[in-house]
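Engineer: Let's have the full structure, built from the sequences with the hints guiding it.
Residues per chain, in single letters:
2 protein chains.
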Amino acid sequence: MATVSSAALAERGGTTAAQVRKDLSYLGSFGKRGLGYSVPELTQVLRRVLGLDSTWRVALVGAGRIGTALFEYEPFRKRGFAITTVVDSDPAKVGSRMGNVVVRGDDEMEQALRESGTELVILAVPAPVAQNVADRAVAAGVKAILNFAPAQLRVPVDVTLGNVSMLLELEGLSYALARGKKG
Amino acid sequence: MATVSSAALAERGGTTAAQVRKDLSYLGSFGKRGLGYSVPELTQVLRRVLGLDSTWRVALVGAGRIGTALFEYEPFRKRGFAITTVVDSDPAKVGSRMGNVVVRGDDEMEQALRESGTELVILAVPAPVAQNVADRAVAAGVKAILNFAPAQLRVPVDVTLGNVSMLLELEGLSYALARGKKG
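Protein chains in written order, with the working numbering: chain A, 109 to 291; chain B, 109 to 291.
Misleading hints may appear alongside valid ones.
Any copy, or any two copies together, can satisfy a pair, since identical chains are not distinguished.
Said to hold, decoys possible - Once the Cα atoms are required to be at most 25 Å apart in a straight line, the calculated DMTMM-like pairs of lysine to aspartate or glutamate come out as:
hint, residue 1, residue 2
1, 186, 279
2, 130, 198
3, 201, 149
4, 201, 216
5, 186, 266
6, 130, 277
7, 130, 119
8, 201, 218
9, 201, 182
10, 130, 279
Rather than coming from a laboratory, the hints here were simulated on the basis of the structure.
Quantities reported herein were computed from a predicted structural model and do not represent experimental measurements.
Structural biologist: Spelled out as structure tokens, the structure:
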């Protein structure tokens with residue numbers, strides 16, 4: 109049986125073996141002293157805790173360059189996040205295909221989200237329209253939003269918001285470089 | 109003169125006016141009670157602090173779907189982060205043009221980074237090769253890396269690492285959805 113030690117997990121995660129053991133102890137007692145963790149068992153437990161054993165209905169709103177790249181982003185697919193609904197406001201894109209998915213128009217967004225029972229929206233629209241699109245998605249029943257627009261969104265408490273702030277990260281590096289130059 | 113109040117800034121940033129005044133007080137005393145902040149002055153101070161008044165030499169390593177989307181990402185360009193070097197390992201891409209930039213081969217990476225005096229690398233390569241590419245970039249003098257690969261990278265203490273973890277964010281939302289279903 110394939111096993112992995114807390115030390116090996118710590119090495120991969122950039123932490124300590126003690127921290128790994130402590131963290132995993134919250135999920136149940138399934139490690140064995142001297143033997144480590146069963147890889148299949150650990151995988152199963154982690155997948156369950158993270159909700160990765162469920163299939164979430166994911167929609168992409170905004171099929172521009174970033175959106176298109178995300179649609180085809182291999183790590184998303186490998187983890188089971190398949191995008192089954194795509195919405196864009198560009199009439200030239202509406203009705204075209206991305207993989208097996210037909211792009212829907214912005215005016216059909218609420219209908220498309222409801223029909224597909226979408227729970228999670230990947231928001232890849234320009235910053236000035238992001239809040240409005242998020243509000244409409246929430247009104248259509250979406251419970252989680254992954255926002256790629258460089259905008260600070262507000263969502264109701266029962267909706268989970270994740271932000272991928274490429275611009276903020278880049279500005280953070282710029283700040284570090286500027287300080288490094290001075291120091 | 110255009111001014112902005114701490115209350116208006118707080119509204120935009122999702123914080124309180126008191127917090128805005130406190131934070132900005134660290135940068136000098138340039139707000140005026142009852143008048144607020146001069147927008148040009150505040151912009152200039154923030155740009156200087158964030159290093160946005162400098163021009164950083166930025167290279168993109170990995171010209172796949174994500175990399176290409178980032179190359180053309182409007183918010184980067186608007187803030188002055190122009191990518192002037194592109195490296196890819198695909199021989200079919202080497203020598204082709206992205207905008208005004210000629211794509212260099214992976215075997216020329218160190219040379220391309222040194223020639224251009226690159227300070228900041230945007231790393232958009234597959235996870236399994238990300239650490240190796242990062243090590244080589246650091247050896248070539250790069251001082252900041254923005255990593256898009258779903259991999260935990262290690263860099264020397266004098267190098268700044270930023271991570272854009274699209275997969276981690278999506279898994280975080282999956283976790284929240286799974287908990288919401290149970291609750």
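Engineer: Now tell me if each hint is right for this structure.
Structural biologist: Going through the hints against the structure:
1. Proximity of residue 186 and residue 279 under a CA criterion of 25 Å is satisfied inter-copy only: 12 Å between copies versus 30 Å inside one chain copy.
2. Taking CA atoms no more than 25 Å apart as the test, residue 130 paired with residue 198 passes in neither setting, with 50 Å inside one copy and 43 Å between copies.
3. Taking identical chains as interchangeable, the C-alpha atoms of residue 201 and residue 149 are never at most 25 Å apart, the minima being 44 Å within one chain and 42 Å between chains.
4. With identical chains, the CA atoms of residue 201 and residue 216 are at most 25 Å apart within one copy only, with a shortest distance of 13 Å there and 38 Å across copies.
5. In the homo-oligomer, the alpha carbons of residue 186 and residue 266 never lie at most 25 Å apart, since the shortest distance is 28 Å inside one protomer and 34 Å across protomers.
6. Taking the shortest Cα distances, residue 130 and residue 277 sit within 25 Å of each other only across copies (23 Å), while inside one copy they are farther apart (30 Å).
7. For the identical chains of this complex, residue 130 and residue 119 are intra-copy neighbours only, at 15 Å inside a copy versus 40 Å across copies, given an alpha-carbon limit of 25 Å.
8. Taking identical chains as interchangeable, the C-alpha atoms of residue 201 and residue 218 lie at most 25 Å apart only when both belong to the same chain, with a minimum of 18 Å there against 40 Å between chains.
9. Taking CA atoms no more than 25 Å apart as the test, residue 201 paired with residue 182 passes in both settings, with 22 Å inside one copy and 20 Å between copies.
10. For a Cα distance limit of 25 Å, the shortest separation of residue 130 from residue 279 across copies, 21 Å, qualifies, whereas the shortest one inside one copy, 35 Å, does not.
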